[in-house]
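Visitor: Dock chain W against chain F, hints included.
Number of protein chains: 2
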Amino acid sequence: MKESKKNALEVLSEQYVGLFDDHLRKLLEIRNGIPVRLAESMDYSLLAGGKRLRPALCLAAAERCGVAPEKALPMAVAIEFIHTASLIHDDLPCMDNDDLRRGMPTNHKVFGESLALIAGDALLIWAFGHALSHLPDMGIPYDRVARASALLAEASGPMGMCGGQTLDTDTASRRLEEGFVYSIAAAKTAALIRVSVVSGAILGDISDTDLRCYYDYGTHLGLAFQIVDDILDVTASRDELGKTPHKDEAQDKLTFVSAYGLERAKSLAIEESEEAMRALEELFPEGDLLMDLASFLAERTF
Amino acid sequence: MKESKKNALEVLSEQYVGLFDDHLRKLLEIRNGIPVRLAESMDYSLLAGGKRLRPALCLAAAERCGVAPEKALPMAVAIEFIHTASLIHDDLPCMDNDDLRRGMPTNHKVFGESLALIAGDALLIWAFGHALSHLPDMGIPYDRVARASALLAEASGPMGMCGGQTLDTDTASRRLEEGFVYSIAAAKTAALIRVSVVSGAILGDISDTDLRCYYDYGTHLGLAFQIVDDILDVTASRDELGKTPHKDEAQDKLTFVSAYGLERAKSLAIEESEEAMRALEELFPEGDLLMDLASFLAERTF
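Chains as they are written, first to last, in the numbering used here: chain F, 1 to 302; chain W, 1 to 302.
It should be emphasised that the hints constitute simulated quantities derived from the structure, not laboratory data. Zero decoy hints are in this set.
A pair counts as met if it fits within one copy or between any two copies, since identical chains are not told apart.
Pairs of lysine to any residue residues, derived as SDA-like cross-links and limited to a Cα-Cα distance of at most 25 Å, are as follows:
no., residue 1, residue 2
1, Lys247, Ala236
2, Lys109, Ala172
3, Lys71, Tyr142
4, Lys253, Val36
Since the structure is predicted, the reported quantities are computational estimates derived from the model, not experimental observations.
Isolated chain F, as found in the complex (with noise of 0.2 Å):
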């Protein structure tokens, strides 16, 4: 009998996500002072099924740079934290108005619009008090831990996601020029990717020439994953995607499809996952995993 052969998303998956989700589990089992219906609010998004890309790309640069991938789990788990609370945010009916999200109700649908607002909002403070309270446990000096949180929360806040999500969503910050659906792609999608790898190499003892190539790498991955996105948004099953399909569209949202047509996008997919292999090849001349799943995820859309 012949084994077909894992993908580079399932051998990351493998490797780095069933250690992430017995941390999570474990994690919010502890619940000393969080009111329940909070917390299950937030552990009903946390838990529900998300594929953990971001802590699974921390976990991978931290081991690459020599911080195993157990000492790195407070990092991970803040990243996954701010990712899930950005879902919560955005699926709220003065956002996307969305009731699906990976096959099940959204958050406010099942704990109702004000507390998933709450949930969104500790789950962007926890992250930093995570993060800040348990990497030192860990054994990480403070300077890098200082160092790993700013970068996060330069990625995720007004500069980074939230700027994203506003030209993203407020029509009034739509631009008409070429090339605007790179600004809100680099700003919603690509730096919190990017700094999931970033975030996890800086663990380490690693020289700025070499982070340069992890942020590189992270950059261009984050665009390919956006891209890919948006096709599948119109090319993909609502069993498929999880999340109803056909949004973009509906919501006159500005998409690498939109802008550019279907077929232009796949070559612009495919760009961009080249473009984050090259970032790391003089770190791995051999190849790497993370340069195989810049590969698979552009391939996704075929």
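Guide: Same frame as chain F, now just chain W:
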């Protein structure tokens, strides 16, 4: 001519708020990479005439622990960012649905719900990014930076302010036991006021015993502040409050007035204020502005 004596809040303001406001204004002029409309929305609420009690407490505590107020500014900014974010989100239609804040239209009335939501998120995240990036520039050692920022997260996250907001707004979380209103106030209000004091103190070289005094002071000051707030909601006019009065009653909120009646609430405010003063007695046997402040806050209700 006889000059009228300044009250403790005016003295605190004179000593710290000018410094803070100048710093904040300069900081907001630098907008690298923040979308214009998002910056406008954040600025609107940040510059809406808050009293800056929390940042002033932070700077005052830092100074009393040997840290020049100028060096503690990034921590004070972080605290005000989080406080402002909580006001923006609290005013949203799915929360308190308030149109007026500090005598001006609330953020979502000016910028729309979706941008108000994002502006709050952005401020929560930026708070940590700002403290973590700029406190080290001020020469504060990394371990103190991380510890103070972690305490800020604990005070404002699911175990603190967000937890308190849950107890305050989520009717399914309400409990009937005596003293539940204290649980709400401790988490919703007192935690952030306490951490304003504690996070300033901890930037200096302070013993655990002395830190405990500031911790207890902050707790009781915060409780006194919330009790007074509940009383003023009943007794003050729209002009005096700068926001809609009698909101608590209209929203069937559990307050110190609804739980204990107006007269008993007034005594409780005085009790908490006296506890706050007592907490600092050993550190300041000759008295201190922070002790006068506790006394003054409780007097506001008469």
